[in-house]
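Participant: Dock chain B against the given chain A, drawing on the hints supplied.
Residue numbers (the working numbering), protein chains in the order written: chain A, 1 to 292; chain B, 1 to 292.
Be aware that one or more of the hints could be misleading.
Put simply, identical chains are the same to the list, so a pair is met inside one copy or across any two.
[As the list claims (entries may be wrong)] Here are the computed lysine to aspartate or glutamate pairs in the EDC-like style, where the Cα-Cα straight-line distance is at most 16 Å: (1) Lys156 x Glu111; (2) Lys68 x Asp48; (3) Lys107 x Glu6; (4) Lys68 x Asp287; (5) Lys51 x Asp119; (6) Lys167 x Glu50; (7) Lys51 x Glu160; (8) Lys68 x Asp249; (9) Lys107 x Asp48; (10) Lys57 x Glu43; (11) Lys57 x Glu282; (12) Lys51 x Asp181; (13) Lys220 x Glu282; (14) Lys175 x Glu288; (15) Lys83 x Glu176; (16) Lys68 x Glu43.
Bear in mind the hints are in silico, worked out from the structure with no lab data behind them.
Given next are the chains, with one letter for each unit.
2 protein chains.
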Amino acid sequence: MFNHLEIANCNITIVGLGLIGGSMAMALQGLNCANVWAVDINENVLHDAEKSKIISKGYLDPGIPLPKSDIVIMCLYPDLTVKFIKDNICKFRTGTIITDTAGIKSKLINEITAIVGNDLDFIGGHPMAGREGSGYAQAAENMFKGASYIITPTPKNREENILAVEKLVRAIGFKEVVRLDPQVHDQIIAYTSHLPHIIASALINCNQNHTRLIAAGSFKDATRVAIINSKLWSELILSNRINILRQIDGFINSLADFRNAIANNDAQSLITQLEQGRKGKEALMRDEKTGN
Amino acid sequence: MFNHLEIANCNITIVGLGLIGGSMAMALQGLNCANVWAVDINENVLHDAEKSKIISKGYLDPGIPLPKSDIVIMCLYPDLTVKFIKDNICKFRTGTIITDTAGIKSKLINEITAIVGNDLDFIGGHPMAGREGSGYAQAAENMFKGASYIITPTPKNREENILAVEKLVRAIGFKEVVRLDPQVHDQIIAYTSHLPHIIASALINCNQNHTRLIAAGSFKDATRVAIINSKLWSELILSNRINILRQIDGFINSLADFRNAIANNDAQSLITQLEQGRKGKEALMRDEKTGN
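So that you can see chain A by itself, here it is in the shape it has in the complex (with noise of 0.2 Å):
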């Protein structure tokens, strides 16, 4: 029902103009699709947006927009994107691609399905990109330039909506797009993001000796996104519980493993070690460059 030519034809709502749906509204601005409209509970945001012409026009009642929405692409916390879905369920045109941007899958996946029944196709997915802080304040156009994107279908979506879903983020900027099971999104995603914020978070409240002219640079980038939104990681965190404690308790091994060697002040063991996160450190950044 949708391909990349006729992204001019299409009338796309994004729900919630903060941080992510700022950003993709700007990045659609190029496209000149039909209308790109926005639903916010914040007046001010929605007015600025239209004042920027960054949207068609904004709406605090989200029954206007979405009877002729085309696309809907759900920008919000994991637990509001159920909950406005279920809210709003009867007001979305039959046939509609609602897509979302939250960093966990699987458990809002089952959620939303549950819902949205034959009439429409919901399609997970999570862009690979952001920064910290949080709002539309904080958006930028040029967010997700370059970035991969994880799209996270099920056997239920029709294939035709989920290339066209790939269509679309490609053509606001993202780089590469992966197709992976919800369950298999949520378990990587455990190591490779979630885990990391806590680690930053945990490295700055182990100790209260913090004073900038030590902080060597090791320090800053393990703790960059210790600048985090609370609230909303803290609902992503516990939405993906098990696959986390798995993570952390790997974790600790690895950290114990260092511990053993320094506290036998084994050398061998140690290098042993460090060289083993050398040799994995540098074979991500060759699958970079190479685009493997």
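Facilitator: Relative to the frame of chain A, chain B by itself:
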């Protein structure tokens, strides 16, 4: 014996023309010292540095430049720093200032102080700068621009010599110079540098499920320094064992607090901990901006 205006009259010898020593030599170029000599075991590196006029002359034999040097900057591994000074103690000119750049201080300073006696003044130093990788090929003239430098004097050092080292490091680009007791240095650095390096390696090692496409920015930053010189870092870590073990234990306790909140589905505790991390990091960043 040496002040900022007299750098032009000084003979400076750099021992070890690697990442730090090479960058020191490059940064010294603009200061019109009488001579910048280098000692290294790698003849090719000395030849390259001579050819590109980064040093006045390079020597395999330290016996040639040491007797004529006003300042000697040691840029070797910690153990090799001690060994070099011990092996060449008779070649230094009386009154020479010796300083070093190793990442641990207490043990090293005790050992060297016992060797140098009263004719030479050894003043410990630690540049808060560097980069992934190692060796002369990675050296860069601007590596120290805006970074801070730690000097770890002891009661034995002469104040005028401490001031001379401070002036020298400011002249090659360091912005702020901090004096710290050697033991306090090692305690703090265990937290702000050694621990983040161990975390980076442990985070790579705890999961073989690496995939560049799903590696969020948080993961990339937290693992940046896993590209490590494992021989040097093994030595640094084992020289600072007791402090590092204490920091690892404190960090694992902080992680365990997160783990408990997640295992108990305790959103309030999780939010409190994430907020503590956010506030700690924000305070650090504020200090960086205001220079406090």
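Participant: Look at each hint and say if it fits the structure.
Facilitator: Against the structure, the hints:
Taking the closest pair of Cα atoms, Lys156 and Glu111 come within 16 Å of each other only inside a single copy of the chain (14 Å); across copies the shortest separation is 71 Å, beyond that limit. Taking the closest pair of Cα atoms, Lys68 and Asp48 never come within 16 Å of each other, the shortest separation being 23 Å inside a single copy and 70 Å across copies. When the C-alpha separation of Lys107 and Glu6 is checked against a cutoff of 16 Å, the pair qualifies neither within a copy, at 32 Å, nor between copies, at 70 Å. Taking the shortest alpha-carbon separations for Lys68 and Asp287, neither the intra-copy value of 43 Å nor the inter-copy value of 50 Å comes in at or below 16 Å.
In this assembly of identical chains, Lys51 and Asp119 lie within 16 Å of each other by CA distance neither inside one copy nor across copies; the values are 35 Å within and 74 Å between. Taking the shortest alpha-carbon separations for Lys167 and Glu50, neither the intra-copy value of 25 Å nor the inter-copy value of 56 Å comes in at or below 16 Å. Neither within a single protomer nor between protomers do Lys51 and Glu160 lie at most 16 Å apart by alpha-carbon distance, with minima of 35 Å and 64 Å respectively. In this assembly of identical chains, Lys68 and Asp249 lie within 16 Å of each other by CA distance neither inside one copy nor across copies; the values are 48 Å within and 57 Å between.
In this homomeric assembly, Lys107 and Asp48 never come within 16 Å of each other (Cα to Cα): the closest approach is 34 Å inside a single copy and 60 Å across copies. Proximity of Lys57 and Glu43 under a CA criterion of 16 Å is satisfied intra-copy only: 11 Å inside one chain copy versus 70 Å between copies. In the homo-oligomer, the alpha carbons of Lys57 and Glu282 never lie at most 16 Å apart, since the shortest distance is 47 Å inside one protomer and 36 Å across protomers. In this assembly of identical chains, the alpha carbons of Lys51 and Asp181 never lie at most 16 Å apart, being 40 Å within a copy and 58 Å across copies at closest.
In the homo-oligomer, the alpha carbons of Lys220 and Glu282 lie at most 16 Å apart only across protomers (11 Å), although the nearest pairing inside one protomer, at 21 Å, exceeds that limit. Only within a single protomer do Lys175 and Glu288 lie at most 16 Å apart by alpha-carbon distance; the minimum there is 12 Å, versus 34 Å between protomers. For a Cα distance limit of 16 Å, the shortest separation of Lys83 from Glu176 qualifies neither inside one copy, at 30 Å, nor across copies, at 53 Å. Proximity of Lys68 and Glu43 under a CA criterion of 16 Å is satisfied in neither setting, with 21 Å inside one chain copy and 75 Å between copies.
In this structure, the earlier hints numbered 2, 3, 4, 5, 6, 7, 8, 9, 11, 12, 15, 16 are contradicted, and the remaining ones agree with it.
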